[in-house]
Amino acid sequence: MWFLCVFYHRLLDFRKPEVEALAELFGEEIAENESLQWRLPEHHHNDTPFHFVQLSSEEIARNIAKRSILVKGMYELWGEGTCYEELKDSIQSYPDFRKLPFLTSGSTFRISVETFGKALTFEEQKNRIQSLTYIPFEGRVNLKNPDHNFFLMEMDESEENNGLQPILQRRIFFGREVGFADRKLLPTFQLKSRTYLGPTAMDAEMAFLMANQAKATSGKLVYDPFVGTGSILVSAARFGAMTMGADIDIRVVRDGRGPDCNVWSNFKQYGLPMPVALLRMDNNVTPWRSGLKEMFDAIICDPPYGVRAGGRKSGGRKILRGTVDPYTVPEDKRTDHIPSTGAYSLVECVHDLLHLAARMLVMKGRLVFFFPVLRDENGSGEVKFPEHPCFKLVAVSEQILSSRYSRVLLTMVKVEPYSEEIKEAARLMHLEFRENHLKWLEDGNIHSSVFKSIDSSQINTDSKTFKDPKPKYRGKYV
Amino acid sequence: MRLITHNMLSCNIKGVANGFPLLIEAGKVIEKEVDFNPDFLRHMFAKIEWKALVEGARSMGYAELPEDSPDATVLDSDESFLKKLHHALLELHLEEGALVCPETGRKFPVNKGIPNMLLHEDEV
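Line by line, the protein sequences give chains V and W. The first sequence runs 26 to 503 under the numbering used here. The second sequence runs 13 to 136 under the numbering used here.
Bear in mind the hints are in silico, worked out from the structure with no lab data behind them. Some hints could be false.
[Stated by the list, open to error] Okay, the calculated bits of chain W under chain V, using three or more residues with CB under 8 Å as the criterion:
no., segment
1, 24–34
2, 38–49
3, 52–61
4, 67–73
[Said to hold, decoys possible] When the alpha-carbon atoms are kept at most 25 Å apart in a straight line, the in silico DSS-like pairs for lysine-lysine are as follows:
no., chain 1, residue 1, chain 2, residue 2
5, W, K26, V, K389
6, V, K293, W, K44
7, V, K338, W, K44
8, V, K318, V, K293
9, V, K318, W, K63
10, V, K169, V, K97
11, V, K143, V, K113
12, W, K59, V, K293
13, V, K318, W, K59
14, W, K124, W, K40
15, V, K389, V, K318
16, W, K124, V, K293
17, V, K417, V, K41
18, W, K96, W, K40
19, V, K318, W, K26
20, W, K96, W, K26
21, V, K448, W, K124
22, V, K318, V, K143
23, V, K338, W, K119
24, W, K63, V, K448
25, V, K338, W, K124
Each residue gets a CB set at the ideal place from its N, CA and C atoms; glycine is no exception.
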């Protein structure tokens with residue numbers, strides 16, 4: 026069945042992958058190497074909030090809408106057209122057996138008018154609703170809590186459209202609401218009111234999106250190897266998953282800012298089950314017992330890119346460089362000794378993450394993580410992402426952070442079991458990736474590329490754009 | 013630190029062959045109630061090293077688990093077994109103490125329920 030899926034107009038790249046992941050979670054049968062079928066309405070551009078998607082049942086559509094962060098609502102389309110006469114023909118030709126069950130005399134209904142890119146007065150809205158008298162509604166109107174909710178959606182052609190892609194021709198949709206989003210979720214979990222925060226705590230909206238990409242749900246175990254303040258695990262826990270986290274920085278994980286301001290407090294704040302375990306460990310030298318594998322259903326994380334927070338691993342700067350031999354700490358100082366840690370480049374960090382995921386994820390488990398990408402004037406261009414023979418990349422979603430760089434949410438599914446042969450193949454892939462990655466970064470690290478100062482020639486071209494008064498189409502900047 | 017975590021950890025100091033299971037030096041053990049989730053327990057059962065779990069539970073003061081690893085069918089038939097498993101795996105907490113490597117005797121401290129598995133410079 027085709028449903029009209031109306032998205033919130035934000036994070037454009039994240040919209041469809043979220044729906045695909047949730048469809049799979051709620052039981053939609055999707056064949057290997059295939060994805061959901063999508064269709065654009067006539068005259069609409071891919072960035073439009075309106076998309077048609079094919080799902081096998083209304084129940085799946087309803088579940089997707091309820092859990093999704095970016096879907097505003099799912100509707101069964103009864104008619105569409107470029108003007109109200111066309112709409113009438115379209116609705117009247119829609120089969121009765123689909124319409125009549127929702128128009129019965131015992132039921133209650135409501136019709137809402139929504140416009141995109143313009144505003145209508147109350148009178149105008151009322152007139153449009155009145156024009157639908159050809160639909161044989163037999164039930165009573167209930168504005169507060171109707172059995173059935175109908176939406177009349179209207180959008181006009183215009184050059185400027187409040188930041189939306191200009192629509193080339195007027196379009197009107199009429200549909201029955203099948204599912205709608207939980208609008209209380211984000212306000213409840215927003216970081217503004219979170220007990221324990223850190224500088225790189227994942228914002229609630231994005232954390233929920235990541236948990237959806239990972240298909241976190243009750244009975245599953247989700248792991249974050251860079252847990253920090255636990256912001257990502259909180260979202261996974263909200264969706265019912267058991268959570269586990271580790272970090273190399275013991276102060277963040279064990280101490281927090283006090284007995285009432287730490288990772289545990291964040292879970293307590295929302296009444297969520299505490300993480301199963303929090304550990305201090307180094308992802309580069311892990312303490313897992315040999316033979317341990319396929320423990321986690323999903324690994325969701327935001328590795329340190331080295332821009333606002335750098336990664337660390339065991340060793341200490343001088344030891345890692347070989348300037349100094351590993352030293353032995355005297356017996357009496359051992360208990361309180363804090364081992365020195367050294368720089369941990371993003372590429373090495375991601376390699377360790379892929380290795381951890383290849384071994385510790387169950388088959389078909391998901392690895393969801395962010396990877397930073399440098400942009401040039403034309404956007405992100407050709408980018409190559411880290412790969413591993415155990416994984417298939419199923420989604421790539423870009424979030425633009427500044428004119429210089431974005432981060433991309435990668436979703437990978439484990440399709441091959443881990444073995445020693447695969448470990449060797451992966452190591453070679455990593456070496457090749459590392460060599461190429463360094464070529465793209467001018468100074469050898471992302472931090473300097475992001476914070477590089479602009480030279481004067483660039484300033485001249487920028488001032489020309491500032492003089493342009495017409496609001497530009499914002500595209501992926503929303 | 014719960015026994016489910018203890019079941020996954022070993023001492024990975026360079027050169028150590030037999031770092032699992034870590035012996036538990038129980039300083040402060042508390043019991044925290046956790047919602048009973050049978051699906052999760054069934055899911056985890058296959059991945060647990062049973063002997064390590066039984067010994068670990070004993071060091072924390074709980075001796076109700078059967079010595080030998082039961083057959084997987086008991087998960088669906090015996091609810092009392094599931095409850096015992098639930099209690100041992102998730103409700104016993106080591107707040108303060110240490111995990112000791114069986115081969116080298118190296119202690120990994122556990123403070124405020126969080127084990128510190130970071131290796132020193134000469135152990136990597």
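Hints and how they fare:
Figure legend: the segment 24–34 of chain W, annotated as covered by chain V; annotation consistent (4 residues with Cβ-Cβ distances under 8 Å, at least 3 required). Chain V is given as covering the segment 38–49 of chain W, and this holds because 4 residues of the stretch bring a CB closer than 8 Å to a CB of that chain, at least three being needed. Check on the segment 52–61 of chain W: 5 of its residues sit with their Cβ under 8 Å from a Cβ of chain V, so the three-residue criterion for coverage holds. Using a Cβ-Cβ cut-off of 8 Å, 0 residues of the segment 67–73 of chain W lie near chain V, which falls short of the minimum of three, so the contact claim is violated.
Between K26/W and K389/V the CA atoms are separated by roughly 32 Å; this puts the pair beyond 25 Å, and the hint is violated. A hinted pair counts as satisfied when its Cα atoms are at most 25 Å apart, and K293/V with K44/W qualifies at roughly 14 Å. For the given pair, K338/V sits about 33 Å from K44/W by alpha-carbon distance, which is inconsistent with the 25 Å threshold. The suggested pairing of K318/V with K293/V is violated, with an alpha-carbon distance near 30 Å, which exceeds 25 Å.
Among the hinted pairs, K318/V with K63/W is consistent with the structure: their alpha-carbon atoms are about 18 Å apart, no more than 25 Å. Between K169/V and K97/V, the direct Cα distance comes to roughly 19 Å. Compliance with the 25 Å bound is thereby established for this hinted pair. Note on K143/V and K113/V: the hinted pairing holds, with a Cα-Cα distance of about 22 Å set against a maximum of 25 Å. Taking the CA atoms of K59/W and K293/V, the gap is near 29 Å; set against the 25 Å cutoff, the hint is violated.
With a C-alpha separation of about 8 Å, the suggested pair K318/V and K59/W falls inside the 25 Å cut-off, and the hint holds. The hinted pair formed by K124/W and K40/W meets the criterion: a straight-line CA distance of about 10 Å does not exceed 25 Å. Restraint check: the Cα-Cα separation between K389/V and K318/V comes to about 14 Å, which is no more than 25 Å; the hinted pair holds. As the CA atoms of K124/W and K293/V are separated by approximately 16 Å, the hinted pair is consistent with the 25 Å bound.
Taking the CA atoms of K417/V and K41/V, the gap is about 18 Å. The hint holds against a cut of 25 Å. Between K96/W and K40/W the CA atoms are separated by roughly 21 Å; this keeps the pair inside 25 Å, and the hint holds. Restraint check for K318/V and K26/W: satisfied, since their Cα atoms lie roughly 21 Å apart, inside the 25 Å limit. Using a Cα cut-off of 25 Å, the hinted pair K96/W and K26/W is violated, with the two alpha carbons roughly 36 Å apart.
At most 25 Å may separate the alpha-carbon atoms for a hinted pair to count; K448/V and K124/W exceed this at roughly 36 Å. For the suggested pair K318/V and K143/V, the alpha carbons sit about 55 Å apart, so the restraint of at most 25 Å is broken. Only pairs whose Cα atoms come within 25 Å are accepted, and K338/V paired with K119/W is accepted, the gap being roughly 20 Å. Between K63/W and K448/V the alpha-carbon distance is near 29 Å, which puts this suggested pair outside the 25 Å criterion.
Between K338/V and K124/W, the direct Cα distance comes to roughly 23 Å. Compliance with the 25 Å bound is thereby established for this hinted pair.
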